[in-house]
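Asker: Chain order of the listed sequences is A and B.
For the first sequence, this note's numbering gives the first residue as 2, with consecutive numbering after it.
For the second sequence, this note's numbering gives the first residue as 126, with consecutive numbering after it.
Hints are computed from structural coordinates only; laboratory data are not their basis.
All C-beta atoms in this analysis are idealised placements derived from N, C-alpha and C, irrespective of residue type, glycine included.
A few of these clues could be false.
Said to hold, decoys possible - If you want a taste of the chain A side facing chain B, the calculated C-beta under 7 Å gives, among others:
1. 97
2. 100
3. 101
4. 134
5. 148
6. 230
7. 231
As the list claims (entries may be wrong) - Beyond 10 Å from chain A on every Cβ pair, some chain B residues (computed):
8. 161
9. 211
10. 242
11. 255
12. 276
13. 318
14. 319
15. 322
16. 349
17. 353
18. 354
19. 414
20. 415
21. 458
Said to hold, decoys possible - Covered, in the sense of this in silico footprint (three residues per stretch, anywhere, with C-beta under 8 Å from a C-beta of chain B), are these stretches of chain A:
22. 49-63
23. 137-145
24. 163-177
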Amino acid sequence: MKHLLLYLLLLLGLTACLDDDDLPAVAETDLTLDFRAEYGGEGLAIQREAYGYPTGDTLKLLLFQYYVSDLELLPAGGAAPVRLAEIDLLRWNSASDSATLTRSYRVPAGEYVGLRFGLGVKPELNAQDPSTFAADYVLNEAEFWGPTTRYVFAKIEANADLEGDGRFDTGLSYHMGSDALYTTVEFARDLRIGPGQTEQLTVVADVLRALSGNGETFAIDNPDQQAVHGGNQAVAQDIWNRLAAQFTLEVR
Amino acid sequence: MRGGLSIVLALLLCYGCDRKEADTPPDFAAILYPDDNASTPEGVDLGERLFFDPLLSADGTVSCASCHQPALAFSDGKPLSVGIDGLVGFRNTPSLTNVGYLHQPLFWDGRATNLEAQALHPVGTAHEMAGSWPVVIDALRSRPTYVTAFREAFGDVPIDSTLVGRALAQYQRTLVSMNSTYDRVRQGEAQYTEQEALGHAIFFDLGDDPGGPFAGLVRGECAHCHTPPHFTNQRYANNGLDEAVDLDDFTDKGRGAINGQRYDNGRFRTPGLRNVALTAPYMHDGRFGSLQEVVAHYNSGGEYAENKSANVRPLGLSVPQQAALVAFLETLTDDSFVVGSLRGVGLNTDSTDYSTD
Numbered sequence: 002m003k004h005l006l007l008y009l010l011l012l013l014g015l016t017a018c019l020d021d022d023d024l025p026a027v028a029e030t031d032l033t034l035d036f037r038a039e040y041g042g043e044g045l046a047i048q049r050e051a052y053g054y055p056t057g058d059t060l061k062l063l064l065f066q067y068y069v070s071d072l073e074l075l076p077a078g079g080a081a082p083v084r085l086a087e088i089d090l091l092r093w094n095s096a097s098d099s100a101t102l103t104r105s106y107r108v109p110a111g112e113y114v115g116l117r118f119g120l121g122v123k124p125e126l127n128a129q130d131p132s133t134f135a136a137d138y139v140l141n142e143a144e145f146w147g148p149t150t151r152y153v154f155a156k157i158e159a160n161a162d163l164e165g166d167g168r169f170d171t172g173l174s175y176h177m178g179s180d181a182l183y184t185t186v187e188f189a190r191d192l193r194i195g196p197g198q199t200e201q202l203t204v205v206a207d208v209l210r211a212l213s214g215n216g217e218t219f220a221i222d223n224p225d226q227q228a229v230h231g232g233n234q235a236v237a238q239d240i241w242n243r244l245a246a247q248f249t250l251e252v253r
Numbered sequence: 126m127r128g129g130l131s132i133v134l135a136l137l138l139c140y141g142c143d144r145k146e147a148d149t150p151p152d153f154a155a156i157l158y159p160d161d162n163a164s165t166p167e168g169v170d171l172g173e174r175l176f177f178d179p180l181l182s183a184d185g186t187v188s189c190a191s192c193h194q195p196a197l198a199f200s201d202g203k204p205l206s207v208g209i210d211g212l213v214g215f216r217n218t219p220s221l222t223n224v225g226y227l228h229q230p231l232f233w234d235g236r237a238t239n240l241e242a243q244a245l246h247p248v249g250t251a252h253e254m255a256g257s258w259p260v261v262i263d264a265l266r267s268r269p270t271y272v273t274a275f276r277e278a279f280g281d282v283p284i285d286s287t288l289v290g291r292a293l294a295q296y297q298r299t300l301v302s303m304n305s306t307y308d309r310v311r312q313g314e315a316q317y318t319e320q321e322a323l324g325h326a327i328f329f330d331l332g333d334d335p336g337g338p339f340a341g342l343v344r345g346e347c348a349h350c351h352t353p354p355h356f357t358n359q360r361y362a363n364n365g366l367d368e369a370v371d372l373d374d375f376t377d378k379g380r381g382a383i384n385g386q387r388y389d390n391g392r393f394r395t396p397g398l399r400n401v402a403l404t405a406p407y408m409h410d411g412r413f414g415s416l417q418e419v420v421a422h423y424n425s426g427g428e429y430a431e432n433k434s435a436n437v438r439p440l441g442l443s444v445p446q447q448a449a450l451v452a453f454l455e456t457l458t459d460d461s462f463v464v465g466s467l468r469g470v471g472l473n474t475d476s477t478d479y480s481t482d
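With the hints as constraints, model all of the structure from the sequences given.
Answerer: Listed below in structure tokens is the structure:
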């Protein structure tokens, strides 16, 4: 009994030593992360701008959006990634929308070697019924393929003038998403994030580069390629591949 | 009767618990109850009384239920709403089916940020109730049963328009429809007819699935905007009703009139389709008298405007396919919702009339 009492006292003492107050403090700081949408290197202007397309056609964007999963900072030294967001939806669908959407997080100050995210809704979430989430949660933004099939990962919608008559009368609607399409996007950059010296990070997505790049241009004048939805994802595969490959990270 | 409504509310609040126990996801994401207006049985009862009470109008002839009639899934069967003295408004009365689940701004043009705010609009609108809030509040404060009902619902605070809006919102959050044929099919309790199944496949673009039973079937492109479970994405679209070579040509500018953004001219909030077969006529101006006309419109691809939805395009539906799509839309009717909601009718016309005590 006496030994047990001593043991308990010792344990109590050790527990006191492990009090949070004695752990080295990890300073947290604000991190502002911008998501910028562009077309041909210029800030995306939904509806307001008529954009040239490599085929000689002209289009006006109505909607550009994409989900990101597991948005994470990668600490220097190989520590566990710092999760900024499990899921988020970046959407531009109004002429009033700024080309840059800003998100704010609290993160440990320190040195990082990169930023990464999954483009789309990660399989664990893509398998979940949205009714289990709050009605105003980002996974209840009515971006479903159907009543039992889940998320559309990214959308590009526009009206195109294919005849050069000034009428933007050909709808273009590209909806993409499936577990097979889910893609990790990673930027390897040394980042210093700390009080007073946080760099401004901007994730840039260029709609034109998603549609046309590396010598290939998606044929928007092909009627079979003007609406890509649901099961015909093979048609959109190259748009998706370009979309996933074109992201850049600006650090200022 | 009102006790029954309290039971409905209690069941609604517990619905998610029951389903959780059964390890089955709920049909819908839970209703969001505002922190400053949590629903209570007393608040819901009061809201129901107010909803059916013409006291809110200038001459005591028009209540919320005059336009939002339970038998018509809380719409009115008219192309445009008709208010006091027969004055005709300029928009079609929207259904209130499952309105409590919608968390984006309300009205065809999104001018009300939530149900509490929405409920305040019609009272002072000239072609609706044409009333005056000070007059309405005086009338409510002069009626002992209302004074009691407000005290039971909100405590010992003065009756004002905010409380009226909160009570009406609480009642409207009980207007839940989840027992249509569509729902029962999803739950394995019913089956579509062959025609309904075809319409379902067209609605949800199942023809896009190369390995599915409807591979190659023409697409309806409906669910891009009319997204389940409430068959609305709660956003704004120009669905091609009117040609507008210039975006300033729209006579009803819809969303653009609210936010001043000309690129949103002609855009209207996508309505939910639950009980849609009961809510004719259709569109923001009630121009289509039947679902057949609605489907024919979308099949045509609509009229030109540079902001027309890219998903509104000529569909190529045959006549039988159009009929199938209508048949599917009719499966969204929930008879139990309509019957269950009828209890409020006559609430203020019996001997315990709250508007005359």
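Asker: Taking the hints in turn, state whether each one holds.
Answerer: Evaluation of the provided hints:
Given the 7 Å rule on beta carbons, the hint for residue 97 of chain A holds: about 5 Å separates it from the nearest Cβ of chain B. Hint status for residue 100 of chain A relative to chain B: violated, with the closest Cβ pair at about 15 Å, above 7 Å. Annotation: interface hint on residue 101 of chain A violated; nearest CB of chain B at approximately 18 Å, more than 7 Å. Interface hint status for residue 134 of chain A: upheld, as the beta-carbon distance to the closest one in chain B is roughly 6 Å, under 7 Å.
With 7 Å as the threshold, the beta carbon of residue 148 of chain A comes within range of chain B, its nearest partner Cβ sitting at about 4 Å, so the hint holds. For residue 230 of chain A, the shortest C-beta to C-beta distance to chain B is roughly 6 Å, which falls under 7 Å, so the interface hint holds. Evaluation of the residue 231 of chain A hint against chain B yields a held restraint, the C-beta minimum of about 3 Å falling below 7 Å. The beta carbon of residue 161 of chain B sits about 16 Å from the closest Cβ of chain A, which is more than 10 Å, so the claim that it is off the interface holds.
No Cβ of chain A approaches the Cβ of residue 211 of chain B within 10 Å, the least distance being about 38 Å, so the stated non-interface status holds. Chain A leaves residue 242 of chain B outside its interface by the beta-carbon criterion, the shortest separation being 16 Å against a cut-off of 10 Å. At roughly 33 Å from the closest C-beta of chain A, the C-beta of residue 255 of chain B stays outside 10 Å, upholding its exclusion from the interface. Residue-level check passed: residue 276 of chain B sits 31 Å from the nearest beta carbon of chain A, beyond 10 Å.
Non-interface status of residue 318 of chain B relative to chain A is upheld: no Cβ of that chain comes within 10 Å, the nearest being about 18 Å off. With a closest Cβ-Cβ approach of about 19 Å to chain A, residue 319 of chain B is found to remain outside the 10 Å limit, as its non-interface label requires. The beta carbon of residue 322 of chain B is kept farther than 10 Å from every beta carbon of chain A, the shortest such distance being approximately 14 Å. For residue 349 of chain B, the requirement that its beta carbon stay farther than 10 Å from each beta carbon of chain A is not met, with the minimum near 8 Å.
Once the 10 Å rule is applied to beta carbons, residue 353 of chain B is inconsistent with being away from chain A; the minimum gap is 4 Å. Not every CB of chain A is more than 10 Å from the CB of residue 354 of chain B (nearest about 7 Å), against its label as outside the interface. Chain A leaves residue 414 of chain B outside its interface by the beta-carbon criterion, the shortest separation being 27 Å against a cut-off of 10 Å. Every Cβ of chain A is farther than 10 Å from the Cβ of residue 415 of chain B; the closest lies at roughly 25 Å, confirming the non-interface assignment.
Distance to chain A confirms residue 458 of chain B as a non-interface residue, since its nearest Cβ pair spans about 17 Å, more than 10 Å. With a cut-off of 8 Å between beta carbons, the region 49-63 of chain A has 3 residues touching chain B; three or more are needed, and the interface restraint holds. For the region 137-145 of chain A, the proposed coverage by chain B is satisfied: 7 residues have a C-beta within less than 8 Å of a C-beta in that chain, meeting the threshold of three. With 7 residues having a Cβ less than 8 Å from any Cβ of chain B, the region 163-177 of chain A passes the three-residue criterion, so the hint holds.
Comparing the model with each numbered hint stated earlier shows that hints 2, 3, 16, 17, 18 do not hold.
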